[in-house]
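Student: Sequence:
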Amino acid sequence: ADLAGMQKYGFTDARDVLERASARETAARVAAGTLAKLLLSQLGVEVVSHVIQMGDARSDGTQRPGPADLARVDENEVRCLDLDAASAMVAEIKEAAKDGDSLGGIVEAIAYGVPIGLGSHVHWDRKLDAALARAVMSIQAVKGVEIGDGFEVAGRRGSAAHDPLTWTDAEGYQRSSNLSGGLEGGISTGEPVVVRAAMKPLATLNRPTLATVDTATKEAGVSFKERTDVTAVPALGVVVEHMVA
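One point on numbering: in my numbering, the residue at position 190 of the sequence shown is 193, and numbering is uninterrupted.
No lab work stands behind these hints: they were computed from the structure. Quick caveat: nothing in here was measured; it's all calculated off a predicted structure. Any given hint could turn out to be false.
[Said to hold, decoys possible] Taking CB as the label site, the calculated pair distances span: (1) Q45 x S90: 50 to 58 Å; (2) D72 x L41: 12 to 20 Å; (3) L41 x E80: 25 to 33 Å.
Backbone N, C-alpha and C define an ideal beta-carbon position, used for all residues, glycine too.
Kindly generate the complete structure, drawing on both the sequences and the hints.
Tutor: This is the structure we're talking about:
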């Protein structure tokens, strides 16, 4: 946001933009989200998150955490329940750190116990999936949001892209899958709500490589070295979890 912000507001110092654009402000969002999570838990709704990809290392998707697994996720250094994938992620971090580079990744948040009927199929500004996408997309460095298996089913035929319905007197309507991520037409279905967020690698690097321009002299140069983390993906999971709440 540095250059675009400078151009929009007529600033001469990028610090006027980058300090306010910093993800440090998400601390306040997590604090507010904690209260929302406490309220939701009284209503039987629990939200958990985990990392499913970092760099090229990706979980196979078979170990999705439930509410009882949240402590185990938080205890893992990369917040990944799949231990094989977690080890690969740690290796990716070490390799990127050695190169002075950064890593992006994907996190997944799951809301359990969401009742049927939240949201609206009519008003665009009341659709629950739209509200979730906006909330998650507003997080710094997030460049993509997925509800359910949205990107995967985009490559399927319609006959294999929807959740089949069944009925029993004991259980009522049931879905044999949850490709929709618990949301259909902007309304919650009663299935777990699944939201994924893709984070780009951090722009600040531990080695000057990115081509840039000195805004005062207009001379070509490279970005200067600045203290930064290799990745913020594990922290992103926490922020997404609380924004979903």
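Student: It remains to establish, for every hint, whether it holds in the given structure.
Tutor: Now the hints, each set against the structure:
1. In this structure, Q45 and S90 break the distance hint of 50 to 58 Å, their C-beta atoms being roughly 37 Å apart.
2. As the Cβ distance of D72 to L41 is approximately 19 Å, the hint placing it in 12 to 20 Å holds.
3. A beta carbon spacing of about 26 Å between L41 and E80 agrees with the range 25 to 33 Å that was offered as a hint.
The structure shown violates just one earlier hint, number 1.
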